[in-house]
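Just so you know, the protein sequences line up as chains A and B, in that order.
Read in numbering that gives the first Met the number 0, the first sequence has 289 at position 290, and its numbers run on one by one without any break.
Read in numbering that gives the first Met the number 0, the second sequence has 190 at position 191, and its numbers run on one by one without any break.
Bear in mind the hints are in silico, worked out from the structure with no lab data behind them.
None of the values given here were measured: they were computed from a predicted structure.
Errors might be hidden in some of the hints.
[What the hints assert, rightly or not] Every beta carbon over 12 Å from chain A, so not counted as near; a handful from chain B, in silico:
1) Ala46
2) Ile56
3) Glu57
4) Leu64
5) Gly136
6) Asn169
7) Glu174
8) Ser274
9) Ser330
10) Val332
11) Asp333
12) Gln336
13) Ser360
14) Asp379
15) Pro381
16) Ala391
[Claimed, not checked] The calculated EDC-like cross-link candidates involving lysine to aspartate or glutamate, where the alpha carbons are at most 20 Å apart (straight line), are:
17) B:Lys418 <-> A:Asp51
18) B:Lys72 <-> A:Asp150
19) A:Lys155 <-> B:Asp249
20) B:Lys317 <-> B:Asp59
21) B:Lys418 <-> A:Asp59
22) B:Lys404 <-> A:Glu46
23) B:Lys319 <-> B:Glu158
24) B:Lys404 <-> A:Glu255
25) B:Lys185 <-> B:Glu240
26) B:Lys129 <-> B:Glu215
27) B:Lys402 <-> A:Asp182
28) A:Lys133 <-> B:Glu261
29) B:Lys402 <-> A:Asp59
30) B:Lys402 <-> A:Asp150
31) B:Lys188 <-> A:Asp51
32) B:Lys188 <-> A:Asp128
33) B:Lys183 <-> B:Glu241
34) B:Lys180 <-> B:Asp197
35) A:Lys155 <-> B:Asp197
36) B:Lys402 <-> B:Asp199
37) B:Lys188 <-> B:Glu240
38) B:Lys407 <-> A:Asp150
39) B:Lys52 <-> B:Glu65
40) B:Lys276 <-> B:Asp372
Ideal Cβ placement from N, Cα and C applies to all residues, glycine included.
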Amino acid sequence: MKLASNKSLIGWFFILIAVIFITLFYFYPMLQALILSFRSGMGVNLEFVGLDNYIRLFNDPVALTAIRNTFIYLIIQVPIMILLAMFFSVLLNNPNLKFKGFFRTAIFLPAVISLVAYSVIFKYLFSTDGIVNKFLLNLSVISEPIEWLMDPFWAKVLIIIAITWRWTGYNMIFYLAALQNVDKSVYEAARIDGANSFQQFFYITIPMLKPIILFTAITSTIGTLQLFDEPMNITRGGPGNETLTISQYIYNLSFEYTPDFGYAAAVSFVIVILTVIFSMIQFRLGGDRK
Amino acid sequence: MKKWLTVITVGLLTLILSACSLGADKNTYEETGVLTAWAWDPLFNVAALELAKDYYIEEDESFELEIIENGQKDIVQRLNTGLSSGTMKGMPNIVLIEDYRAQSFLQAYPDAFYDLSDYFNIDDFADYKKAPTSFDGGQFGVPFDTGVTGLYLRTDYLEEAGYTPEDLTNITWDEFIEIGKDIKEKTGKLMISINPNDPDHLRHMIQTAGVWFTEEDGRTVNISENEAVREAVRTYTALQEEGIAHINTDWSSRVAAFQSGEVVSVAVGNWMTPSIKAEESQAGKWTIVPIPRLSVDGAVNASNLGGSSFYVLNIPGKEKAAEFLASTFGSNVDLYQDFVTEIGAIGTYLPALDGEAFKKSDDFFGGQKIIADFITWMEDIPSVNYGMHTYASMDILIGEMQKYKSGKELDDALIDAQKQAEGRLSN
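Work out the full structure, taking the sequences as your base and the hints as a guide.
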């Protein structure tokens, strides 16, 4: 009896440390940010304004543009990336593939590169007289260089290309790990029943990967909602506000302009709310309804 | 078992408590007597501080100053986070702030800066430096460099097209575009390099008319009824539409545009001189004339782009820091000669401008006395209150300018910009 209560005491003690730190460094700041979002003013001259910041948010065209841009990235980029990651992982899981280690490393490598470093390199690759334009021109795919950084449409495409390049390998690793846990006998049985590769992929692989698809979809969605480094370093949000993201707008409100931390906090709560909503939708769609 | 638990708990608690009380409330100056200063650009601002420090040590041997070099963005960020947190711990004694941002700091953190009115005389400095550095009757900044602008010209390209630098002296931006089209036709060279995502030309264009995005109070948004803003946006877009502008995307491609000889002119602050001279093969091929003006009433051929000033934070060591700035940047004529000869920085301290260093001719610019010319133009810079919202207004305008470029009516774009600015900045 004595031993048991002692053990549970020690258990509580270990949890306690984590709880204290999480409360101190997560929940307390979140609460403070929420309180801050009801205040507004320049720098330290903050005063309580109630819901004004949130009302202002819905009348602020720049904030709405930032939200719209973030959605465009989300809706286009996340599905492309997840499909690509799945595609690569299936290819790399092929037992007959040669140089497997090399390919796996090559595709995963972008994920370990610094966000700022790759962003800056992308900016140079895709500049008007950059190598991508030269390449496309020489192949006669295009007749004049694409203004990747100056054209509202192509700038968005560029950001999507960049984040897809950076994160596909990262997500692929999850699929690869999951695929290796799939029993080979399932595929054998399917082949004996006459299923072709496509059928195997759609009726076995995808259902088997469902929990991982859900997981990667949610983490990618959250990641995209918080997108900052790429637009900041590649396009600075431009042309105009065409590639501005919510996080970048928060940064601008706090550090670029005369700081209004209250309003910036309100905008950041938009990310929180959107994250919760999207996660719930994805759980609904992807989770098992039991 | 119990004993161990107690030991661990006590150990952890002491660790946490000691971490909390580390350093207490004292700042570096109180502990060590060393002042700290934050500035960006090691070859320019930091170098200037070093020179000033050397001068001051001759007066006061015990003087110690640690100069910490940081990017401007980092300094802005750190100041904002530090000052808004309420503690002044870790803040420097002296900090360099760009004139466009100064009012934003002075008004957002009213008690954070130390009034220097009693230490030096602001009337000794160029007039246009006064508005950004003072607030509410107090003088908080010691003006440093001038951002006086000029139009750097490639004389060889002009000659090829049949022009002389005189043809581009004291012109309007509209005339600039006309000449640009002609030069492009004759030489194939583009007239100017611009970055529509960071259109700093807009700022010096607008200042030629003596106005800003906000009215003189620095708060009331003044965009849709502002003829100068309208003209600047129209002109800037015309530069692109007329096909005479090279588009750069960042600093390095901007510098590369003139160093590689792609463009005929550079319209920018005098701080670009070192970058222009860095391409030695172009020695003798450059000259500088006054910046073009906007086609609005009262606009002059003189403007400013950038430039910054030193501020003292209201923390222990402020008196010492203020004395240091006052006896160097605030009054030392010799120091300003050194700024010119050693780092190419043109100060705004008027009594120093008669010095010999300011009259030298520069062979790179065909023997032109460029410093003397810049000083002459500096006197004509219209004084403008940059207010608190320069960069916020700029970003709004960049957004609307993009829409104007893709077909929106200019008046509608400006009215929308005005509305956005009013909505965003009225707090």
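So, going through the hints one by one against the coordinates:
no.	hint	in the structure
1	Ala46	26 Å, holds
2	Ile56	35 Å, holds
3	Glu57	38 Å, holds
4	Leu64	27 Å, holds
5	Gly136	18 Å, holds
6	Asn169	32 Å, holds
7	Glu174	26 Å, holds
8	Ser274	19 Å, holds
9	Ser330	31 Å, holds
10	Val332	36 Å, holds
11	Asp333	38 Å, holds
12	Gln336	37 Å, holds
13	Ser360	37 Å, holds
14	Asp379	29 Å, holds
15	Pro381	23 Å, holds
16	Ala391	4 Å, violated
17	B:Lys418 <-> A:Asp51	17 Å, holds
18	B:Lys72 <-> A:Asp150	26 Å, violated
19	A:Lys155 <-> B:Asp249	18 Å, holds
20	B:Lys317 <-> B:Asp59	16 Å, holds
21	B:Lys418 <-> A:Asp59	10 Å, holds
22	B:Lys404 <-> A:Glu46	39 Å, violated
23	B:Lys319 <-> B:Glu158	55 Å, violated
24	B:Lys404 <-> A:Glu255	25 Å, violated
25	B:Lys185 <-> B:Glu240	19 Å, holds
26	B:Lys129 <-> B:Glu215	13 Å, holds
27	B:Lys402 <-> A:Asp182	56 Å, violated
28	A:Lys133 <-> B:Glu261	18 Å, holds
29	B:Lys402 <-> A:Asp59	17 Å, holds
30	B:Lys402 <-> A:Asp150	12 Å, holds
31	B:Lys188 <-> A:Asp51	53 Å, violated
32	B:Lys188 <-> A:Asp128	16 Å, holds
33	B:Lys183 <-> B:Glu241	10 Å, holds
34	B:Lys180 <-> B:Asp197	23 Å, violated
35	A:Lys155 <-> B:Asp197	18 Å, holds
36	B:Lys402 <-> B:Asp199	18 Å, holds
37	B:Lys188 <-> B:Glu240	16 Å, holds
38	B:Lys407 <-> A:Asp150	16 Å, holds
39	B:Lys52 <-> B:Glu65	10 Å, holds
40	B:Lys276 <-> B:Asp372	17 Å, holds
Hint compliance for this structure: hints 16, 18, 22, 23, 24, 27, 31, 34 are broken, all remaining hints hold.
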